[in-house]
Amino acid sequence: MIKKTFFSLLVLVAAVFSLSGCKSGNVADLDILETSKESNEIIWGVKNDTRLFGLMDIPSREVKGFDIDIAKAITDKVLGRDGRATFVEVTSKTRIPLLKNGNIDAIIATMTISEERKKQVDFSDVYFDAGQSLLVKKGSSITGVDSLDETTTVLAVKGSTSAVNIRKASPNANILELENYAEAFTALQAGQGDAMTTDNAILLGMASENPDYELVGGTFTEEPYGIAINKGQENFLQAVNDALKEMHEDGTYDEIYEKWFPNDDTGKVK
Amino acid sequence: MIELFQANADLFFEGFKYTILSSVLALIFSLIIGTLMAIFQLSENKIIRNLAKAYVEFFRNIPLLIIVMFFYVVLPLYGMPFDGFQAGTIGLTIYTSAFIAETVRSGIQTVPKGQMEAGLSSGFTYSETMRYIVLPQAFKIVIPPLGGQFINLIKNSSILAMVAGLDLMYQGDLVANATFITFETYIIVGIFYLILTLPLSYLMAYLEKRWAVRG
Numbered sequence: 000m001i002k003k004t005f006f007s008l009l010v011l012v013a014a015v016f017s018l019s020g021c022k023s024g025n026v027a028d029l030d031i032l033e034t035s036k037e038s039n040e041i042i043w044g045v046k047n048d049t050r051l052f053g054l055m056d057i058p059s060r061e062v063k064g065f066d067i068d069i070a071k072a073i074t075d076k077v078l079g080r081d082g083r084a085t086f087v088e089v090t091s092k093t094r095i096p097l098l099k100n101g102n103i104d105a106i107i108a109t110m111t112i113s114e115e116r117k118k119q120v121d122f123s124d125v126y127f128d129a130g131q132s133l134l135v136k137k138g139s140s141i142t143g144v145d146s147l148d149e150t151t152t153v154l155a156v157k158g159s160t161s162a163v164n165i166r167k168a169s170p171n172a173n174i175l176e177l178e179n180y181a182e183a184f185t186a187l188q189a190g191q192g193d194a195m196t197t198d199n200a201i202l203l204g205m206a207s208e209n210p211d212y213e214l215v216g217g218t219f220t221e222e223p224y225g226i227a228i229n230k231g232q233e234n235f236l237q238a239v240n241d242a243l244k245e246m247h248e249d250g251t252y253d254e255i256y257e258k259w260f261p262n263d264d265t266g267k268v269k
Numbered sequence: 000m001i002e003l004f005q006a007n008a009d010l011f012f013e014g015f016k017y018t019i020l021s022s023v024l025a026l027i028f029s030l031i032i033g034t035l036m037a038i039f040q041l042s043e044n045k046i047i048r049n050l051a052k053a054y055v056e057f058f059r060n061i062p063l064l065i066i067v068m069f070f071y072v073v074l075p076l077y078g079m080p081f082d083g084f085q086a087g088t089i090g091l092t093i094y095t096s097a098f099i100a101e102t103v104r105s106g107i108q109t110v111p112k113g114q115m116e117a118g119l120s121s122g123f124t125y126s127e128t129m130r131y132i133v134l135p136q137a138f139k140i141v142i143p144p145l146g147g148q149f150i151n152l153i154k155n156s157s158i159l160a161m162v163a164g165l166d167l168m169y170q171g172d173l174v175a176n177a178t179f180i181t182f183e184t185y186i187i188v189g190i191f192y193l194i195l196t197l198p199l200s201y202l203m204a205y206l207e208k209r210w211a212v213r214g
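Residue numbers (numbering that gives the first Met the number 0), protein chains in the order written: chain G, 0 to 269; chain D, 0 to 214.
Don't read these hints as lab results, they were simulated from the structure. Don't take every hint at face value.
In the DSBU-like style, the derived pairs of lysine-lysine whose C-alpha atoms are separated by at most 30 angstroms in a straight line are [what the hints assert, rightly or not]:
hint, chain 1, residue 1, chain 2, residue 2
1, G, K167, D, K154
2, D, K139, G, K99
3, G, K63, G, K167
4, D, K139, D, K208
5, D, K139, G, K92
6, G, K71, G, K269
7, G, K118, G, K92
8, G, K92, D, K208
Note that the structure is predicted; figures quoted are calculated from it, not measured.
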């Protein structure tokens, strides 16, 4: 009996290891630019919970936002007018594993370019100049990162650079990390924290929907957004960068920017 | 994996502490509440019986996350501030107590009716008969399913991670996100859970052997 159990465990462990071994080899060998031209499709990892960038529009069952429009425009430039942009919803936690496993071709999901991430993936040129800020209830005594101390609690999102940055900017403040932006904002409304921190553009989206809340203290970091592409996909990376450049030249980029951020120029890439 | 563990040992042990604390509290209170609910469900009083049934059916049939979220983000709006750890532990207690109530109730119903009648006719009150005669026999019968509920409770305590409850899974998420070493991090987290659940499994198996009703 014990022998039998032991043997079946052994088989299970062997199966798990052989599975994790075989997939990584194949994905790295494929040239994404070629395969997407063949299938006439680019698969983008996008957020579905981020207002103005990638938000699920319930009536149409489609994700809409700045990231989505940029991704569609790039797909047009790379594959031509009839190229298809397919969207897969990702979170801060799942996006890198999905890219590594080859489930998606590129990530355009409010993802900050960082040195740590550059070890795992390659980034395109900057497509949005983001920076971190604080969102508080109107009338709060918090005026910026300098007024955060051990009596205040700041809410952040797991797996985002904003949690790391706020620890540096105000080491004394208590930091709680939640699953996603919606939960962090709900927790802020419930008084589980005094302020919420993440990129300015996301906070602006929340403030535009909830007039009781406002941004304070401006931005205290430089966190430009880039498009993440798997290591070893230089051709595809080059094609995406060329497309971005072309969009700046022919005004497509400005058009998309104005559509989503009509009153705010801080995120625009010149 | 060993370097990963050493580099983040503080976080893992911090989380382990909160997971144990939450599990122990939830285990004690859900056992008490669950047993009471089991007795109430078999009460002669129709109102008590139906209230207990409503409690069990309601909390057994909604996701744990909803109960926890209710304590975390809804009640604070009405002046009852629960932090993530408290909200998670209370939610876990309520949720598990509903399952324990059903388990214990089935145990009580397996005890032959004659036991209760004999107790009552020997001069014991209803609650004395319950305490000294029926419940001890019932618990012996339900040790195996009860052990299963306890193990589920420990694993379900990972719900605390959803409300920043500082538990093992929360710290594991932070480590995985900071290092991008996802697979190994969760293996370490899994081993910590095994450290809690395996001995509990063996303890329940031992109790079962020792106290099992023979026949």
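Hint by hint, here is what the structure shows:
1. For the given pair, K167/G sits about 33 angstroms from K154/D by alpha-carbon distance, which is inconsistent with the 30 angstroms threshold.
2. For the hint pairing K139/D with K99/G, the CA-to-CA distance comes to about 51 angstroms; that exceeds 30 angstroms, so the pair is violated.
3. The straight-line distance between the Cα atoms of K63/G and K167/G is roughly 33 angstroms, outside the 30 angstroms bound, and the hint therefore fails.
4. Annotation: proposed proximity of K139/D to K208/D holds, straight-line Cα distance about 10 angstroms (limit 30 angstroms).
5. The straight-line distance between the Cα atoms of K139/D and K92/G is roughly 45 angstroms, outside the 30 angstroms bound, and the hint therefore fails.
6. Straight-line distance between C-alpha atoms of K71/G and K269/G comes to about 20 angstroms, which keeps the hinted pair within the 30 angstroms bound.
7. Between K118/G and K92/G the CA atoms are separated by roughly 17 angstroms; this keeps the pair inside 30 angstroms, and the hint holds.
8. Between K92/G and K208/D, the direct Cα distance comes to roughly 45 angstroms. Violation of the 30 angstroms bound is thereby established for this hinted pair.
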